[in-house]
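Let the hints inform the model, and build the full structure from the sequences given.
In terms of the UniProt record's numbering, the sequence shown is residues 1 to 245.
Just so you know, these hints were derived from the structure itself, not from any lab. Just so you know, not all the hints are guaranteed correct.
[What the hints assert, rightly or not] Have a look at the derived ranges for each label pair, beta carbon to beta carbon:
hint	residue 1	residue 2	range
1	M173	E125	22 to 32 Å
2	V60	E181	21 to 31 Å
3	Q33	L128	28 to 38 Å
4	Y132	Q33	29 to 39 Å
5	S61	E125	11 to 21 Å
6	T52	Y132	17 to 27 Å
7	N30	A124	41 to 51 Å
8	S61	E175	17 to 27 Å
9	S61	N122	34 to 44 Å
10	G174	N122	21 to 31 Å
As the structure is a prediction and not an experimental result, all values here were calculated from the model. Cβ coordinates follow ideal geometry from the N, Cα and C atoms, glycine included.
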Amino acid sequence: MIGSAKIVSEEGSRDRDVPYKSDQESVGANALQQFTGHIPWIGWRQLVRTVTAARCTLLVSTVAASHAGVGDAAGRVEEIETHLLAGARSESLNELCHRPIMLLFYRDDCSACHALLQDLGNSAEFELLSEYMTMVFAESMVDLTENYPYPLPHFRNDSLFLHRGSRKGKLRMGEAETVREAFAGQGEYFPRVFFIFPQNGSVMPIFNQGVDSNPSFPNFYPETSFIIAQYDGCSLDYERGGELF
1 MIGSAKIVSE EGSRDRDVPY KSDQESVGAN ALQQFTGHIP WIGWRQLVRT
51 VTAARCTLLV STVAASHAGV GDAAGRVEEI ETHLLAGARS ESLNELCHRP
101 IMLLFYRDDC SACHALLQDL GNSAEFELLS EYMTMVFAES MVDLTENYPY
151 PLPHFRNDSL FLHRGSRKGK LRMGEAETVR EAFAGQGEYF PRVFFIFPQN
201 GSVMPIFNQG VDSNPSFPNF YPETSFIIAQ YDGCSLDYER GGELF
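Structure representation (structure tokens):
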């Protein structure tokens, strides 16, 4: 099922070197449907709703935490919280909560996006791997930072958190900047591919390391083979757990 994306303005095609700056709305699923209609893509909004309904970010700790120093300064408390969250797993039994998320930032008027999608659609190996990931697309950072921020990870016993508040609506300024740095630290070039931990929404430290990779565009993948080559690292990182932003 293909979800809604944002409208493509009449500005001509874009590639990875040209940041997208419009916040208009439209259905941008044409190339996804044309080249990868057999891949079960969902939009970012649908991902957030599904993850929320499945309670993927309700966590059970796998880290033996020491409570010594709980009464120390706020910085120490935050360090303990981050350590617990990074090593935690989802308490949910829903399969969605236990498989990596592949996020594709894509534009329907981007020639480089079309080339990658066509290559993805022709790859039987990628089709097989897609069954072990949640395949998600987005067009800009607006959905991630303003419209549909990823739900906060938390434990059933909220007393583990001494100063963490629940998220209501948009991200706070500091949170939004952290998310932008994680997903668009080098700008909003297209296409960009990220692998994400479902239990906390953080980004796995996985980048294109192909022979033609450009350090200025670490999440740009021109060919399917480069994405497939990173899948083993994605699986290994998921087993290790996720660092928070």
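Hint by hint, here is what the structure shows:
1. M173 x E125: 22 to 32 Å: violated (42 Å)
2. V60 x E181: 21 to 31 Å: holds (29 Å)
3. Q33 x L128: 28 to 38 Å: Since Q33 and L128 have Cβ atoms about 20 Å apart, the given range 28 to 38 Å is violated.
4. Y132 x Q33: 29 to 39 Å: At 22 Å between Cβs, range violated.
5. S61 x E125: 11 to 21 Å: Violated, since S61 and E125 (Cβ atoms, about 36 Å apart) do not stay within the stated range.
6. T52 x Y132: 17 to 27 Å: Since the Cβ atoms of T52 and Y132 sit about 22 Å apart, the hinted range of 17 to 27 Å holds.
7. N30 x A124: 41 to 51 Å: Violated, since N30 and A124 (Cβ atoms, about 23 Å apart) do not stay within the stated range.
8. S61 x E175: 17 to 27 Å: Cβ of S61 to Cβ of E175: about 22 Å, so the range 17 to 27 Å holds.
9. S61 x N122: 34 to 44 Å: holds (43 Å)
10. G174 x N122: 21 to 31 Å: Since the Cβ atoms of G174 and N122 sit about 43 Å apart, the hinted range of 21 to 31 Å is violated.
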